[in-house]
Every structure is written in C-alpha cells, then in structure tokens.
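Let's have the full structure, built from the sequences with the hints guiding it.
Numbering (the UniProt record's numbering), first residue to last: 1 to 252.
No lab work stands behind these hints, which were simulated from the structure alone.
Check the hints yourself; a few may be wrong.
Said to hold, decoys possible - For lysine-lysine, the following DSSO-like pairs were computed, each having C-alpha atoms within a straight-line distance of at most 30 Å: (1) LYS229 to LYS135; (2) LYS85 to LYS64; (3) LYS194 to LYS182; (4) LYS77 to LYS232; (5) LYS142 to LYS70; (6) LYS191 to LYS232; (7) LYS135 to LYS77; (8) LYS232 to LYS142; (9) LYS232 to LYS182; (10) LYS85 to LYS223; (11) LYS81 to LYS229; (12) LYS223 to LYS135; (13) LYS64 to LYS77; (14) LYS230 to LYS135; (15) LYS85 to LYS229.
Treat the numbers as computed from the prediction; the structure is a model and nothing was measured.
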Amino acid sequence: MSEYSNIKANVPTEIPSKNGKEVESKDNTNQINLENMQVITGPTPPSPPFDPIKRINDGFAYFKLNEFNKNMPAYRKLADKAEPKFLIFACSDSRVCPITILNLRPGEAFITRNIANMVPAFNQQRYCEVGAVIKYAILVCKVEAILVFGHCRCGGIERLVCLPDGKTSSPDSVDDWVSIGKPAKAKVVGKNPKASGLELRTLVEKESVMNSLANLLTYPQVKSGVASKKIKLIGGHYDFVRGHFDILGTRS
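Here is the structure:
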C-alpha cells in the first residue's frame, strides 16, 4: 500500500456529529493539514547547477541528430564555398537570433553582432572591425543586401536614452559605443518631446536602425555597391513580445 493510500485510510468516512451538528474530531489521525502534505511531498528539489560543457554537448548532439544528419548533402556543399546573400548587423542580445527568426539556412547570411546592432560612420582610426566586416562581406562574399536588424526592449538603446546630451565620447566602453546612436535619439526627442519610457525607447530603437543605414553609406564599398544597384540596404525591427517583424526602410 502506498503512502498516499495510508493517508486515505486515516480519513474518516463520516463526519462525527452530535444532535445533527458537526463536531470537531479529537483524533489527530483524522486531520490532514499542510504539515502532513509537506511530509509526503517534501520540499522542491533544488535545480542542478548549470553545467556549460554538458549544455554544449547536449545541444550539439541534438543538432547532429535532428539537423546535420538529415541534411548532410547541403552541409557538404558548404565545404566548397559560401555565397551568402545577406550581411546582417544584429544585436548581441540573447533573445534575438536572426538565423532562427528569419528562418535562414547555413550559408545564407554573413552575420556580425554588437550591442544595439549599430553601424558607426566610416572612420579609419576607429571601429576597424566594422569596416573589416563590411569590406569582406562585399568584396569577398559578394553579398547583395545589408540588413540592420533592430529589436524591441533593447538594453543598449535603453542605455543610449539615459545618456546626457552633448558629449559624444566617454571613458565607459558601453556608453562610448551606444553614443553612435545619439543622432537618432536627438531626432526622436525633437519630434516627440513628450515621449518617455517604453514608447521613447521603441522610437529610438527604430530611428537608430535608420541612422545605421545612413552610416553604412559612408563606407566606400557600400556607397559604390548601392550606386551600381548591386547592394540593397534594409532596416528592420523585430518585436519578440508581439511576434512582429517590420521593414522600416530601404536604400538602393
């Protein structure tokens, strides 16, 4: 007999009464309270500690079984060459994965990620990694479209909104980086002086994407590619709360 059966056996089949009125039983075995239940179920067991190596191995095992093994010809074809059509500037945010959201296949997109998916204006002394990505994507991969992939609830944009106006450089690396979007913030605040909170951040998220599209045109390879109609610039915004993706604008 299980421990649950034992509990049932201790519950009276009839409520004791006297002159038609219920009376409290003095037999403690007839009472089931939260303390009894605690003994039966016990406390919730603690979650096992996070094991990054196990998570990596488990994740790859799932991928190998359910993706790689089922599409081996396609993966073998990738060994010859990569011909991505897109260069994507995406945010480092863990909630935003362009490959998953846009249902892209391996080999379709050359992707770079940074805080708030920003593209700084061309500068030979700073941001050389951004210039290198753009140059490689256009000259080597020969991409045909560049997508700046913005998203809702962006922590980088939230930080940008909190920055004081005016000064454009900061000893703080995060503040210095998100300052790239200050022109977008200024434009939004100028047009929407009463906006605040989530509304303001959302407007700046979208305007920052457009600011990055404008900055892309300061790179020689991009400017040339757009002028010759070989490259199209696209700005998008993903809302993972509502499940929406909006095309904000294009340049071609």
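Each hint, compared with the structure:
no.: 1; hint: LYS229 to LYS135; in the structure: holds (17 Å)
no.: 2; hint: LYS85 to LYS64; in the structure: holds (25 Å)
no.: 3; hint: LYS194 to LYS182; in the structure: holds (18 Å)
no.: 4; hint: LYS77 to LYS232; in the structure: holds (27 Å)
no.: 5; hint: LYS142 to LYS70; in the structure: holds (29 Å)
no.: 6; hint: LYS191 to LYS232; in the structure: holds (28 Å)
no.: 7; hint: LYS135 to LYS77; in the structure: holds (25 Å)
no.: 8; hint: LYS232 to LYS142; in the structure: holds (12 Å)
no.: 9; hint: LYS232 to LYS182; in the structure: holds (25 Å)
no.: 10; hint: LYS85 to LYS223; in the structure: holds (17 Å)
no.: 11; hint: LYS81 to LYS229; in the structure: holds (24 Å)
no.: 12; hint: LYS223 to LYS135; in the structure: holds (12 Å)
no.: 13; hint: LYS64 to LYS77; in the structure: holds (17 Å)
no.: 14; hint: LYS230 to LYS135; in the structure: holds (14 Å)
no.: 15; hint: LYS85 to LYS229; in the structure: holds (14 Å)
This entry satisfies every hint, going by the numbered hints stated previously.
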